[in-house]
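Starting from the known structure of chain A, fit chain B onto it as the hints suggest.
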Amino acid sequence: MSTAFMGMPGFPRAARAAVNDAQLRSNLRTATRTIREKRDAAVSELDDWQDLRAAGQAIKNRTLRHLDLYLERLESAVQAAGGRVHWASDAAEANRLVTRLVRDTGESEVVKVKSMTTQEIELNEALGQAGITAYETDLAELIVQLSEDRPSHILVPAIHRNRAEIRDILASHMAEWGTPAPEGLTDDPRALAEAARRHLRDRFLTTNVAVSGANFAVADTGTMVVLESEGNGRMCLTLPRTLISVVGIEKVVPSWSDLEVFLQLLPRSSTGERMNPYTSTWTGVAPGDGPEEFHLVLLDNGRTNALSDTVGRQALRCIRCSACLNVCPVYERTGGHAYGSVYPGPIGAILTPQLRGTTAEPEASLPYASSLCGACYEVCPVSIDIPDVLVRLREQVVSQPGHRSEKAAMRAAGWVLGGHRRLGLAQAAATAARSVVPRRLPPPASAWTDSRDLPSVPGRTFREWWRDRAEGKESGA
Amino acid sequence: MNGSRERVLGRIRAALADVPAGEAPPDVSVPQTYAASHEQGERLELLAGRIADYRAEVHRTTGGGLPDTIAAVLSQRRTRRAVTASDAPPVWFTSTAAEVVRDDGVDVATLEGTDSVVTGCALAVAETGTLVLDSGAAQGRRIISLIPDHHVCVVNASDVVASVPHALHRLDPDRPLTWISGPSATSDIELERVEGVHGPRVLDVVLVE
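First to last, the protein sequences are chains A and B. Its first residue numbered 1, the first sequence is counted upward by one per residue in full-length UniProt numbering. Its first residue numbered 1, the second sequence is counted upward by one per residue in full-length UniProt numbering.
Careful, some of the hints might be misleading.
Stated by the list, open to error - Short, incomplete list of chain A residues facing chain B, as computed with Cβ under 7 Å:
1. ALA55
2. LEU192
3. THR281
Stated by the list, open to error - Stretches of chain A that chain B covers, calculated by requiring three or more beta carbons in the stretch to come under 8 Å of a beta carbon on chain B:
4. 77 to 89
5. 100 to 114
6. 118 to 127
7. 283 to 295
I should point out that these hints are in silico values taken from the structure, not numbers from a laboratory. Here a beta-carbon is modelled for each residue, glycine too, at the ideal position from N, C-alpha and C.
Only chain A is shown next, with the shape it has when bound in the complex:
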């Protein structure tokens, strides 16, 4: 389904390159630490946080278990409010739909609010092939677009770049896309934000079509909700004549009052703020105020695969806050690109394989991109048990063909461990051969030792130590 990520290596190979990139690791370490501290402070302000989490989890479970009903309700409500609803079963269909909707307006340019869903379906590339230019308007997305890079974080797509790198990107590429960066641009974040403002201002004021995603879609009222910070969202959602929102089917929530839970959970988990600077909600079209035409594209693209797994289904509760990325020891060292998907980090490790299946790389390696430490589960505002789903997916991956040597090793281990005489003999043999045991194993076992340190064989076995201890010869292992 992917072009930008096509041919991505499995996670272990991509991660090896990333962990050797000192600049990347330093950028990530600083960023994730900062945002972790902010989130902790914002969350600890609410003494009912665990109750909010429980409510958020339950509302999403209720929605998912009756998803057909809520989507039909959403569809009716949006139509009643003057919007049009379209359904897309996969990325290609969604891209065709959006392309046609843009063409119908007679325009060849669109402005975009940052949207994970449109990244997932690679809408910009599809529009480009149809001769339509899509301009990203979120500062971080702009940085990614200008540098022909890929986003590496759900919330802060250019988190892997520091200010000097960003300055160079803006200075050298803005002119290709429109208003150039000012002469003598410095790497002061204020100057960089100002350059983005100037670069995009005319674009906002003259572009007639906008494409967005949505954080939530309220079934009862047909209301769409977008949370953002910069005001580029407000620009896209209110200035153009036509607004097209591409929304995953799991983004629906049953009722307006459910937002009281999510508007508390999301900003505090995500940016670590009590509230993000701007939240826009709209229900269909409002005559004389904002777009005259509103289209909602409801996207499946693998979501029903995830829905069909009673353990994996919970991944669809995700509200894309990115808290799990920021606490993940694996993400902090590898960055987002290693995950080979627009959904990186722990949530990506369970979402991507479920959306795309586990038969190919990098999806098959993603369930292993975790130490199963559980920190992601602890911070998740809707209590997704990510470790549990990872284990479930590992089970799925190993039951596929292609894990012959590991299975053979496990069968052998099972035989050895199955009888204490056999174990004793194996241990004695290992101890005798202690000095010649290598640190790395030859193929195919090298697949295992390449990313792990092989433990050294101790001088005596635990059973010997226990026997000696009982006989009063205890002197430490």
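The following block gives chain B in isolation, referenced to the frame of chain A:
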């Protein structure tokens, strides 16, 4: 595209084979044990403090002092021209020397050349320091509070609610809503907060008691 609608709904129903046929949404219980508000302080004090945390400025006044306060805020920001909603109370502008343009559908170019916008709001949320505009009385269209670089928002003390749940309860989802918590900001560069990318860079809140 009707075929896709049926295909997606069909896949959803097939995926939910484990959900008992008789189960209704309310059978999945949602614990309502979370707080309606958090008692973090007196409402107006809390609101003022929280707004200030976003590096916006809060000006407290009374009904009688409002025209002078608005005049002072506009003068402090060197506003020559301000836009406001067509139904904003005329008394708001009796003291200011700035030119005031009422929004009777002003075009974007005019808004671009306007220094400030003065609006009311539907309500404000104390715990989060949020102003909510619903295009209702004294607020005008969404665009007017977006294009000028400076936003002055007048908040009546009686419209301050404690929490997000209280706010949602009072708001009408059929109206387009804009929730504003501080000035436009980005944290995309090394997570350092910078005010003003695309929305107003400066936010002044006038709290009328």
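To see whether the hints hold, each was checked on the structure:
no.	hint	result
1	ALA55	6 Å, holds
2	LEU192	6 Å, holds
3	THR281	4 Å, holds
4	77 to 89	holds (count 5)
5	100 to 114	violated (count 0)
6	118 to 127	violated (count 0)
7	283 to 295	holds (count 5)
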